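2 protein chains.
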Amino acid sequence: MPHQPTAADTRRTLDLAFAPRSVAVVGGVTNTRGMGGGSFLRATKALGIVPAVYGVSPKGGTLEDGSPVYPSLRDVPGDVDYVISAVPASAVLDVLEDARAKNVRLFHLFTAGFRETGDQSRADLEQELLRRARAAGIRILGPNCMGIYSPGGGVNWMADAPAEVGRIGVLSQSGMNASMMVEGGARRGLRFSRAVSYGNALDLIESDFLDYFRDDPGTDLVLCYIEGVRDGPRFVRAMRDLARHKPVAVLKGGSTEAGSRAASSHTGSLAGSAQVWEAVRRQTGFLSVHNVDEILDLAVTVQHLPGVAGDRVAIIGGGGGASVVYADTVDRAGLRMPSFGEASRRRLSEFIPVAGTSVRNPLDAGLMAEGELARAVEILSQDPSVDCCIYHFGVDFGPSRHSGPRRFEERLLTALDQIKRVAARPLVLVMREPQSVDGMEVTVRLQAAIGRAGFAVYPSMERAATALRRYLDWRRDHGAGA
Amino acid sequence: MPHQPTAADTRRTLDLAFAPRSVAVVGGVTNTRGMGGGSFLRATKALGIVPAVYGVSPKGGTLEDGSPVYPSLRDVPGDVDYVISAVPASAVLDVLEDARAKNVRLFHLFTAGFRETGDQSRADLEQELLRRARAAGIRILGPNCMGIYSPGGGVNWMADAPAEVGRIGVLSQSGMNASMMVEGGARRGLRFSRAVSYGNALDLIESDFLDYFRDDPGTDLVLCYIEGVRDGPRFVRAMRDLARHKPVAVLKGGSTEAGSRAASSHTGSLAGSAQVWEAVRRQTGFLSVHNVDEILDLAVTVQHLPGVAGDRVAIIGGGGGASVVYADTVDRAGLRMPSFGEASRRRLSEFIPVAGTSVRNPLDAGLMAEGELARAVEILSQDPSVDCCIYHFGVDFGPSRHSGPRRFEERLLTALDQIKRVAARPLVLVMREPQSVDGMEVTVRLQAAIGRAGFAVYPSMERAATALRRYLDWRRDHGAGA
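Protein sequences appear in the order of chains S and F. Numbering-wise, the first sequence is residues 648 to 1129 according to this note's numbering. Numbering-wise, the second sequence is residues 648 to 1129 according to this note's numbering.
By construction, these hints were calculated from the structure, which means they are not laboratory data. In this text, all values refer to a predicted model and were calculated from it rather than measured experimentally. All C-beta atoms, glycine included, are put in the ideal place defined by N, C-alpha and C. Warning: the hint list may mix true and false statements.
[To be verified] So these bits of chain S aren't anywhere near chain F, every CB distance computed over 10 Å: (1) Pro652; (2) Pro724; (3) Asn750; (4) Gly784; (5) Arg834; (6) Gly967; (7) Ala969; (8) Asp975; (9) Glu1025; (10) Phe1040; (11) Glu1057; (12) Leu1060; (13) Ser1083; (14) Glu1088; (15) Ala1096.
[Claimed, not checked] Only part of the chain S face toward chain F is listed, based on derived beta-carbon distances under 10 Å: (16) Pro715; (17) Ser719; (18) Ala759; (19) Asn791; (20) Met823; (21) Gly846; (22) Arg884; (23) Gly901; (24) Ala909; (25) Ser911; (26) Gly1041; (27) Glu1080; (28) Gly1086; (29) Thr1090.
[Claimed, not checked] Anything over 10 Å on all C-beta distances counts as not near chain S; from chain F, calculated: (30) Lys692; (31) Asp728; (32) Asp745; (33) Gly800; (34) Ala810; (35) Gly954; (36) Val955; (37) Gly967; (38) Arg979; (39) Arg1116.
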């Protein structure tokens, strides 16, 4: 290799990648369906930030918005910082040659069909690509990945990713898992600084991004999906260093035997054993999860509950059977349910009726009258035995029930507004997953509104309790980055 | 007590309770909102089966449908088999006296505020109610419960319960959990023979219903939510006897210390320790679950996968990252992921492209062309190493994706139709929980259609794998009722 890039080279490349002056998408740019050149072009143009975004395809023609499709990268006017390749693997060396002529700095390959196929000639092609890129001073992102989402800098691959900038970073070897974190997280009110899907990690590897996130003042929390690492010792150093500065949650793909075989055919990764990975976790101090739902639950927890003092929860909500099952759930998850103090019980019984309900923990009280939820949370948050209140509710309002969803939403948001002013301890919301179309409409509106109001909301008691317990354990053991 | 009812008495009472000739609802019958007399009356009338359904309330007046409200039970013309009491606890003894005059056989108390409050005078009132009912030859259901849902016989308390009759029985100490099983199960394509919410179990106790379900030719599978049992030795005998005849899944409320305290204030139950309960499970052979979602997952499994031969699964679906995480998920749940045989790989590679995907288990192949899913399942179901195929997919179709949800639904249902004819092994579907209103519309339609087509569908890979593993374990240990 003629030139081994330095850390400073990598840093400059990534600064440019997250905010390029010009982007060219090569291949399939006139396709309006499915993932490919067209979707990269549309998603990036939709953000409206990158000054010049070009479509390149041998057939030429024009895009939906009337702009020209250039037959070759060489036909694009001026230099190009960042190329997104959506051509077949057989064409990438030619496109790289064109890229060299245009002073391209970063070459992202959505193009797949390299080492991950297990085919030697395709693995050789991947190595040849790296050799030529190094010779040309071009950095490679991927291949076999979705690349970059940078709402502040204008690059994007997702149709439903938010345009607003947040403070969560995503690093994912899989594009689908990155999309599920960003798009799924957005629906729960989360916003992101940047996301990277890095696939086969041929040139830019996981630790390059970990280092970048460590120094990134725009990122407070990092979510990772990792199948295998390219450089083990460097990874341990980079992860430990990052986790010292900010919380990091990691979903390890391929941590079982079956998963490890799958990872090998997905990104050509050697996934390593679960034991090794657990040792890395202990050394580096990241938060470990098992799936995308859990990583988003943790992101919600870290974002909204940094100040939760301990594991003693008060449960509030309607339905005796649900209350019993939820008490079992939080107990089984390792949280504690204290008995309320005498003062709390007296104050609560002033407005909570006794028949069929009871002033105990869990507090069996459903849709309370105006102001009562806020009052209950205020009282319990002053109880010295309670660290955190959890309010559970469902949003499938059948034909004959209550006063309708709009009224419920108004009341809940009014209550949250009061609670922010009066509660001494955090409130967690559990909004059961909807079963009806009407319930989903309420959920979509309320999830966003609750997040904006600064409260953590989860779709089940299990998930709330698991995330809270995991966060408390991690803070006890590795709390430096919290 | 003047008369201890015999098993034959109980059986006759329950036959009548599930198909009464006349029902009277007493209290709150003109209320159109919330749970109470009005909702029982509306739900039962809506089924249109019970010949005479009366509303009783001291205020008199008329119902929405123009029928009269009788000021007292004594004013109702003719005898009444079944009374639903929605009056305050202080009025129940008077209503019972009226019921005696009308030859009432079963007195169901939605009315709460008895023993479960922990108040001695209310516990005394409950005992007085039992004493007087026994003297009058009237059986008591409850108090503090939702009573009976019997789509074949016409009694109902739920706005969204199906009118169609199915073959699943529900026995629940909690009305809310019973509703969640029936209404939630209905959305997943399950149908029910009868459901009972029995609350404080003052007279009719859990084992009376277990015996009834055992002998009920209309019930193939029983789902239970139980907080505490009134007669331990009889419960063990009744449950063992039932579980010998048909599969029984049990959600035990109050199986932790926190849950046990909650159960005591919910239905006045002594919940017993988790160790005792586990011993009962081993002796009697029911399937044990932790929440309502799990019990419905098991019902789907028992209903649609009785013939699954073993734990070796083939996973099919789109997205490399999802495939890796799902392989980890099924491995962690204790299922096995075999390598496909050489013949299967060759036949699959004839139509599955290699770039970015691979002909391995999990098979990374998303929305396949017409007929390809059916072909893949056919091939894999002939592979001697595979017991069961799992196809995973999401239904949140963003603006730019694929050819739209309707087209996807059509293709999937066409494929399922083909698969029913050609597949030698069962196919399980994992339809990820929707995140959008459009996705929920698809989910509501597809869940019902998939169930009708005779396939098991679950909302996540975790839940599918957990239910399948639990069912296989149970069949190995206690398979007689399967």
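task: Of all the hints given earlier, name the ones this structure violates by number, lowest first.
output: 5, 6, 7, 8, 13, 14, 16, 17, 22, 37 and 38
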